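K.L.:
Here is how the chains run, residue by residue.
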Amino acid sequence: MKNFTCGTVALLILAFAPPSQAAVRVLATTADWGALTRELGGDRVDVYTATTAMQDVHRVEAKPSLVARARTADLLVANGAELEAGWLPVLLQESGNARIQRGAPGFFEAASAVRLVEVPAKLDRSMGDIHPFGNPHFHLDPRNVAAVAKSLAARLVAVDPAGADYYAARSADFDRRWSEAMTRWQAKAASLRDVPVVVMHRDQTYLLRWLGLKELAAIEPKPGVPPSAGYLGELVTRLAATPPRMILLNAYNDPKAANWLSNRVHAPAVVLPYSVGGSAAAKDLFGLFDDTLARLAGAAQ
Amino acid sequence: MSGYKPIAALVAVACAVLAQPARAEDDAAALRAELDSLKSDYDARVAALEARIAALESAPVAVPVAEAMSAAPAASSASAFNPAISLVLAGSYADTSRDPEDWRIAGFLPNGGEIGPGERSFSLGESELTLAASVDPYFTAQLTAAITGEDEIEVEEAFFRTLALPAGLTAKGGRFFSGFGYLNEVHAHAWDFADQPLVYQALFGNQRSQDGVQLKWLAPTDLFIELGAETGNGDAFPGTRESGNGLDGTTLFAHVGGDLGDTANWRVGGSWIDLDAEGREYEDADIAGNPVLNAFTGSSRTWVADAVFKWAPDGNFARRHLKLQGEYMERRESGELAFDLENAALVDSYRSTQSGWYLQGVYQFTPRWRAGLRYDALDSGNPAIGLVTSGSLAAGDFPALLAGDPSRTTAMVDWNPSEFSRWRLQYSWDEARDDGDTDRQLVLQYLFGIGAHGAHKY
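As they're listed, the protein sequences go chains A and B. According to our numbering, the first sequence holds residues 1 to 301 in order. According to our numbering, the second sequence holds residues 1001 to 1458 in order.
Looking at chain B on its own, in the form it has when it is part of the complex (with noise of 0.2 Å):
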């Protein structure tokens, strides 16, 4: 049945068209009109659309970010949220003048830490990894592990580190560079010099990291003010880690900072480290010349004044620019000294002051090219041992406290291919052993960094 609608139609349709044909011409002459008008609207649309077109093709257009971010092609989920990962690869060749066995800081304790020159001819040094992401709202993390060239993986860091607190605080906690000073909490890549100044080696074995928890604080004000407390399981040099429960050693610290004008800009520095040793062993040799093992147990209190001063014409780092920093350290120590502990086993009191500064200066002279000069000198003081005054024991027990006022000189020069390598010539006139004999140092190093791009701290 429905087939025949259609048909039905057209007759109808064609039986109208033909009982009205006087009106057909009236209808033509109207749809021609219409028609005209159409294809001169039409023509003006187009050449509007196609006026578009040719702006569009010119020039970039700024577009909603909706419609940008649809555009970006997405990443796979799977590794979407991989955290950043930064790799620096480090290596030196050295030549010394004496040899790096006997190195060694009069006056001072050996500490355990990585320090001195190292080894002579060509080593690898470490290869700091960093993998960092935000966690949640709340957290970041960042772990930065040196795999060294004695094939050993070392955490230097290890940390939590807050993002949400109120009122300008920030919370971190795990293994971290304390904040004290102003190097301590830099690394080894980021060093203007291939080592660290003779009194960071001296007195905190290159640089100290705890585990442990830091809350800093940020004052709401234009001038930088910032203060810092640390408290943690008080292991690492001088320190050292108790037999009891609780948190051991305190660190406090305040950073000042601020501008001068546009091309310069500052920031000083105080900190306070307040550590407990508990038969801190180290090893020595008696006048007779046999190997001992003695061990101090007592109380380890450190001050340190930092200060940067930074300067670029026009304030444009990226030209030319000179840093200039220093610090000063001044360590009191209290408590008992225990000589031979495997056969005299002889105790008595022991107390010492102990100091040091460096003073260093670097200028990025081209784009490319930075030269740098550090002085270093330590003063051992004469430590107040016991046994010695009360006759017990000599002096010369006690070599490797023997008096001592160790110094070095440093000038380098490094050449950046750009912002990810460095090729640094170092070197040293090094007086740390304090007995009239120079070590002279060279040093070529390379830095490489493929990765992330890391932001620089100040």
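Just chain A, same shape as in the assembly (with noise of 0.2 Å):
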């Protein structure tokens, strides 16, 4: 009885033991900005990331883990764009936490700090899920995770300002450090000019775009719709007169059209990492953009 107690007593103190020792209690959506604090932040914060690579951030659940995690986050750093429309809103609303919610400082979208790209001209579903702010997929254009790094940093400072100078100076090195591999990426990307490609889900758009690949066609007919065996057909007729060098897609994705329409085109089906995590040398930003080219340089030869 008495060991039952103690063991009782035990969990209980493990359950409501505030469980913080850095300084910043961050919650982040997906794992790119996760690993983007993380460089950022160093020992100063514990970073919890909501979702993996394997997930659909489209699709998640308002789960209670999160909204425990978002009930003691600090700094809520969230990708944005609508991206996580379906989950987010739930977290802040059940997370009874003040210092998380829009407009205070502990809320900060990376969203905030780019520019997006297809920001539609009109708004109707009947064109599939899209994203009234434009597409949200940026982080695949590396100099857009430089972008949101510095105004980062900055949220980091005005949210644990004691650590002003610690944030500096790892901003300073991450910056340096992702320029050097800015320079060695486009290097490599050279050789990917203009390639012809067939992607997935319009997600893929900034990277295709930094790279400068050419987009021949999406095998989802329009965002969020699985493509039907009809505009399949169509699409391997289309690319018989343009053939793809490539297909590329994501590790979260289904990977069956991607497999079909790489046997009917003979071009192979590349599976990205698409986030940190995505694959096993996507251990973190630097080695999401490694692979990725690698991947990629790999299939185009």
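Derived by calculation from the structure, the hints in this document are not laboratory data. Nothing here was measured: the structure is a model prediction, and the numbers come from that model. Quick reminder that beta carbons are idealized off the backbone N, C-alpha and C, glycines included. Do not rely on the hints blindly, as some may be mistaken.
[Claimed, not checked] With beta-carbon atoms standing in for the labels, derived distance ranges:
#  : chain 1 : residue 1 : chain 2 : residue 2 : range
1  : B       : A1158     : A       : R177      : 49 to 59 Å
2  : A       : E234      : B       : E1114     : 42 to 52 Å
3  : A       : R177      : B       : T1366     : 39 to 49 Å
4  : B       : G1112     : A       : K122      : 40 to 50 Å
5  : B       : G1451     : A       : R238      : 28 to 38 Å
6  : A       : R177      : B       : L1260     : 32 to 42 Å
7  : B       : A1141     : A       : A190      : 54 to 64 Å
8  : A       : P132      : B       : A1141     : 17 to 27 Å
9  : B       : I1153     : A       : A241      : 55 to 65 Å
10 : A       : K122      : B       : Y1093     : 29 to 39 Å
Two chains, two frames, some hints: make the complex.
P.N.:
Have a look at this one:
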């Protein structure tokens, strides 16, 4: 009985102990912004990432563990541009945490630091699952990551002024390493310019624009709409005249349609990590782009 | 006078130039050298600028937030603050083997809720209109109105909620679905079946909402621990609005939840709903078949246990996922039962213990298709009716209270062309009447959502 009581008390203490050692508790909605926060925040941040690279961030459950993390977060690092529209509002609402509500210093949206492309001129759901503020998958252009890094570093200082010098140093260091890496990637990307590709969903747009890859078609006829057999047939006919060199899909995509098309048009289906954690090599943001470029360059040869 | 000044200057310059012919050649050479250097300098700068333009044209470039903001078109100030509006349209086609008119839940009091299989043939369901927005930095407000197929508008929910309370507290006030159990807060369009489980239909007339206030507290822990309390005017089955001043009825609930790795998550809860009924009337028939109006006055206490488990490969709910949920409820009522209020008006004690549960599973096997199975069971128990035990009346004078063990099995398949449309086919083997004759019910239902993209509750 005594053991049982002790166990219960220990469990209760564990359950109720505020689990905070680092200065700033961060809830990041995606693995990429989580990784960037770790780069900039180092030991002063305790980052919890709401999703993994294997998940479709459009469709995430507002599950209890995320509500609990939102409750204790000092800073929410979201992607924004309505990428998380289906679940983040519930987290904010249920969190009972005034620090991370929209407009508070603890509410950060990466989208606020960049200019989005593909902003629809007209909003109508007959066009599929479109995002009113533009294509939200902007982390796949490293220049956007650099812009978000500057903005996020400033926000970390706002939330944790005591660490201002620390964040400034880490931010400068990241900026330097990132610039070097971009030069490396750009050199590697030279061979990819104007290579024709087919994409899965419009979430590789920024990557394509950065590298100068040419998008021939998307497997999804409209954003968020899975392809029908008829549409895939049409696609094969259409691509016969201008065959793609490769078909790109993300780690979290169902590979069925891409593999089917790959066999018909005789172009390899290339699975890209898409997010940090999307492949064994994509351990951090540097790894994400290193691996993405390696896979693209490999398939382009 | 001033008109002569430029002329004078020109003359002076001309004289100066003419006066020094010897130095002209040197100057020309120097000027030519300067021009050459300027030209090569400009060539380099033009080349650099051209390179920058090419770079800018080839891809989008990140710009500071202020610039990006100013590039966005400004909405007109009159409509910029309009609330988010969403509308859900629902309708169904029903085919039942037995007449829906005589549908009842054996052993459970009629509660006035819109329960049961509904009408045969085509019916327009409730159109749910929701308006929601932040009021100011401190509150949000939301209205959900149901426009029924019978041309009525019902306020389902209309409440404010706080945004800025300290210590993990959130307060809500107005009319809202009570936070007990799992399904009570879920709006009809988000149900996984076309109707509520029998236990919700029998014990709460589908869903319980009341006019009142709610306070919720979320623990500052990684384990999700939520405690909530509600009170209000006590109206809505099984309570009734009392004649006196003050608050009536208490609802307490606690939920705990977390993850099991990356792929699964869970939540369990316990709730307690303590209400008072004062002259809660229901229609019945006496042993001779004459209609009578009876009423219960006393306390009604219900406890609820709920559990939900969700699983998806890699935690990617977009492709495939499984959702299992179940709830158990038990209600104890004790007080007085009045028989035939309008004539005999006999009153004596009443005590009952009634319970029920359901268990359901829904599996999304491809991104657009889901299949589900649900089992419902209720136990009405044998109420202790003072008027019967004393011999004043016979058990047959209370046909609505004759014991029963209603049950139902339901299967459904739904097709979701997008996040905003759903077609559902549902088949039920309904034994709610508990008379040995199964009611086979087929329902084809559609649900369409337009307007704002609502976020989905867990």
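K.L.:
Of the hints stated earlier, which fail here?
P.N.:
none
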